[in-house]
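Student: Residue-level listing of the chains:
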Amino acid sequence: MDLGTFLIQCLNALQYGLLLFLVASGLTLIFGIMGVINLAHGSFYMIGAYMAYALAPWVTTTLGGGFFTTLLLGLVLAVLLGYVLEWLFFSYLYEREHLQQVLMTYGLILVFEELRSILVGDDVHGVSAPDWLSGTIALGSLMTYPVYRLFISAVCLLVALAMYLVLSRTRLGMAVRAGSVNREMAQSLGVNIGVLYRVVFAAGVALAVLAGMIAAPVSSVYPGMGGQVLIICFVVVVIGGIGSVRGAFVAALLVGFVDTFGKVFFQEAAGVLVYLMMAAILLWKPEGLFRQG
Amino acid sequence: MPNFVRPALVISIVVALAVFPLAAGKYEVDLIAKILVLAIFALSLELLVGQTGLVSFGHAAFFGLGAYTTALLLQDPDPRSFWLVMAAAMVVAALYALPVAALCLRTRGVYFIMVTLAFAQLVYYVFHDTKIAKGSDGIYLTGVPAISFAGWVPFDITKSLPFYYVALALLCAVYALLAMLERSRFGRALAGIRVNEQRMRAAGFATYPYKIAAFVIAAMLAGLAGFLKATKDGYVNPEMLAWHESGAVLLMIILGGLGKLRGAVLGAFAFVLLQEVFKNDAIFGEFAKRWQLLLGFTIIVCVLVLPHGLVGLPARLRRRERHDG
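For the protein sequence lines, the chains are Z and L, in the order given. Here the first sequence is numbered in my numbering, starting from 1 and rising by one per residue. Here the second sequence is numbered in my numbering, starting from 1 and rising by one per residue.
Take these hints with a grain of salt, some might be off.
For the chain L half of the interface with chain Z, some residues (derived, Cβ under 8 Å), not all of them [said to hold, decoys possible]:
no., residue
1, V55
2, A118
3, L122
4, Y125
5, D233
6, L255
7, G259
8, I300
9, L304
Below, simulated SDA-like cross-link-like pairs (lysine to any residue); rule was C-alpha separation at most 20 Å, straight line [said to hold, decoys possible]:
no., chain 1, residue 1, chain 2, residue 2
10, L, K289, Z, D123
11, L, K289, Z, D122
12, L, K131, L, K34
13, Z, K263, L, H128
14, Z, K285, L, G25
15, L, K289, Z, L115
16, L, K131, Z, L115
17, L, K289, Z, G224
18, L, K289, Z, S117
19, L, K131, Z, A269
20, L, K134, Z, A269
21, L, K159, L, G25
22, L, K279, Z, S117
23, L, K159, L, G143
24, Z, K285, L, L103
25, L, K34, L, I157
26, L, K279, Z, G121
27, L, K289, Z, G121
Restraint-style ranges between C-beta atoms, simulated for each label pair [unchecked claim]:
no., chain 1, residue 1, chain 2, residue 2, range
28, L, I11, Z, K263, 52 to 60 Å
29, Z, L283, L, Q198, 21 to 29 Å
30, L, F284, Z, Q187, 20 to 28 Å
31, L, S160, Z, H125, 40 to 48 Å
32, L, D76, Z, Y92, 51 to 59 Å
33, L, R199, Z, K285, 24 to 32 Å
34, L, I132, Z, G190, 58 to 66 Å
35, Z, L80, L, Q198, 39 to 47 Å
36, L, A282, Z, T136, 53 to 61 Å
37, Z, H125, L, F284, 25 to 33 Å
Calculated directly from the structure, the hints in this document are not laboratory data. Ideal Cβ positions, reconstructed from N, Cα and C, are used throughout, including at glycine.
Extracted from the complex, chain L is given alone in its bound form (with noise of 0.2 Å):
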């Protein structure tokens, strides 16, 4: 592929992203507003996953944490702060990974996959059964985070449009800081760690505290994703921090490819989008009904096919053409 290409490619995604709200209604603005947040989600625990090597079955401990901070901080009318709120749901992601990531990583494999789990059920049971944020039930944000500029706020973030440019322009950056750290001594250090540990010790890294980083910023990265959530919902519930939500965010990434970070970002939006095509009765008639038969068929044969996901394809479909060519 010439050099030019693929940031062609990035900007010309960007700008469809951009001038995609003009074009469309405010349930499609609002689907993709949805897959945009997923996305950032998506992001911070491909960081983990795909970059690290480190697999986390316990990621939605801090997408909700960053939701129950930012429902918890809104519960009087008047607005708070925008970034104060936002900076507050990272923080408080990441204390609790400091030591959840210093003690999960004494295990290795699929032992750490199972006490990540349980370290996010724990906080799956503490909003879930004490009555902190009324329990199962969830609470509502009273507030809304406002973007001021000297008391002057130009826009109201709980209406589709802005939330969806500002969670487009939140996934922009995210993707950014992400590509940067992949190129940095850092990331280097965290692929080395993902290919070959040991060696990385030999070499004289210690790689204890480059794992214990990479989980800290996962899970503040989830925490934004978090807040992004709540103040788009106005609404959190313990079900944001349950396995099914760390299950679905682990399978976006892999549907997408791991090790690629636009495999996050498209692993999302195929999950999301594949529900709604084939829950879209005018597609599929009667059968929209039964759409989990055809997700779950279309996913095995997305693994049998596609061993790198669907960023694989393009060259899958390369070699395809080089064989028959």
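So here's chain Z without its partners, still in its complex pose (with noise of 0.2 Å):
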């Protein structure tokens, strides 16, 4: 392998790893602090990817705006779809057994799926990345990489900056913290428990549904493909650690550079790859690489 096809590979590695962190830090968040196993946050991805697709044309010849008023408008509907599921379901689960949160996610699985065939259809559709990202740049002499696989990244650590700014420098980061350490002596502190429920959730599902978006003109959008993204971050929340979002950064991009390298090296083993490095992690560290408390 070249220097030029090594780079290419890490530049794709990066955006994969980072790209499932968006994803990954809202479900480790909600997973932690709510200790509720969410399998509908692979369907949060799936609503965002279909947003962009669907919202860009409405958006562009209503409101006249561009790409960045689609994402704002997006996350603000995620934020609001966050909050009705959790006042809605969730709310009435966290007293319950783990399972039993499993078995109503997986209904809200079958119903996003079902109501995304309803409005969208189930055909497969490319997005388009705007104008002003759909060019390349050089690499070296010979090679180009897309610039919106860059924006894509850039995104992300932009993000994952703003959420360690967030969780060491404020106060409402400080409740979550505490509340993914322990949630009950959190409690007993005097944080209002409820509104940090509703808010973590609400984030965790405008994180899921910013990856989509972003992500839809990369991997089109298609149906189950929220399935696909939901195991790979559980894969991810596990080596990290439950709850810790710097585990969730960490494992995200190993996830990313074994299995980008993976599929370069050894094309007929590159799907075990990843997990067989869950197994080995877990078997050494049985909690995840940063679990705190």
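Both chains are sitting in their own frames, so use the hints and assemble them into the complex.
Tutor: Shown next as structure tokens:
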């Protein structure tokens, strides 16, 4: 492998890993703080991608806005969705066993998939990147790399930075960290856990939707895309340690690199490498890399 | 409930299932046969999840291994002994389960769920990406397993009706076995591990071998279900090993109600029959195409109103009556 190819694979791995981080960070927070195993998290990613597909034409014609207006509108809708879902369904489940939550969120997946089918249909659609991001840049003398993929990585890094600042520097972040280490203790020290849950859930949904929206031009949108991302995100969450955003970041990059380079070096066994890595890490550290508390 | 009601209920359900094919068409018989096989699969997982408290998200690996063993043993047209192939399917599943259990049981809780998934994905990719069994295309069974008495084969098991009765008999056998296990010292120990493992250890039980034993028995019974599935369909493919399958069987036992053997059987019936009903356009007309929506909402409502699954329904209704009266 020459240097150019190696660089391109590195960039791909980085972009894939960072995108996984966006989805997995929400999942790990919902899991770590609310104690809810949310199978429907992949559906939020799917909903985001379909929003990018369905909202963009409408935003351009009616609002006259562009790419960022679509993103913003999508995020607002995502927060609303998360808020309503938490209120209608999830808030009844906190005292229940994990497996009851699994069953209910599975029901939600079915509902979301069917609503998607009713509203948008079952076809595969391409989504075009905005013009100013659709070029390529030269890497060395022969290779080029699409600008849009760099844009994805940049957005993800910005979001990761923002999350880091919110979690480590604000009062809300402190409550979130306290909640992920010891929920009862945080509650007894005066954190309003009901509000915290709703905020965390809405933020998690928004992150997954954002990931779906910015990934849509690269991955195109297709039925079942949520299920694929869901399992790999659970792998990320578990490797990183449940409830740890930092762990999710490291684990997502690990998974991104192992998966991308696995596909380059061993086409035969690419799929299994990530799972082997997870098994190895969990046998070495049974609670993930960065489990707190 | 008086003492005689429960045995009477069980007997009448078995009798009803036994006479069902006399009144039903081929489609219905095949459908119920499919559910009987899934019920065995669900029961095997119930031993692990409901009885021992170990939530496995990789149980399809053993189901699929049983099915693939069956398919690979039946690659030439000569019939082979039913019992031999069945035993082979169960042994292969157990052989894989032993090291997997030994490793997975070092972790607990959600981490255990994910490591079992990892080892199941391992098998999935072995069959999906290598040419052992034609990769993602799957393979057909060319031979049939035959139950023979001194060279005389009384029936062809691949036909609907004989298969139905064999599956029903095996389901009853598995249910009886697990019911006995539940009442045995071994079963009590598993229940103790589910409720409080620390205390079991303090009481002098080496819990690790107990958990491994439960895992291996569950895998063998899943292998049995896989053997039946392969025999019924005459075809296996890697999707039988995929996490969707592990997820589906987990959903069945949760829907039915954890901790009760009958919950697993009830869940398998409810899960498949609900799909059938919602897909039926004679009942739902145009809306039948949207069956997932109905199934999804039904599941959500079940979770919200039935905290103990479908087996908790009678108790819940009784409590309601008492409140009203």
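Student: Which hint numbers does the structure go against, in order from smallest to largest?
Tutor: Hints 5, 7, 12, 14, 16 and 30 contradicted; others consistent.
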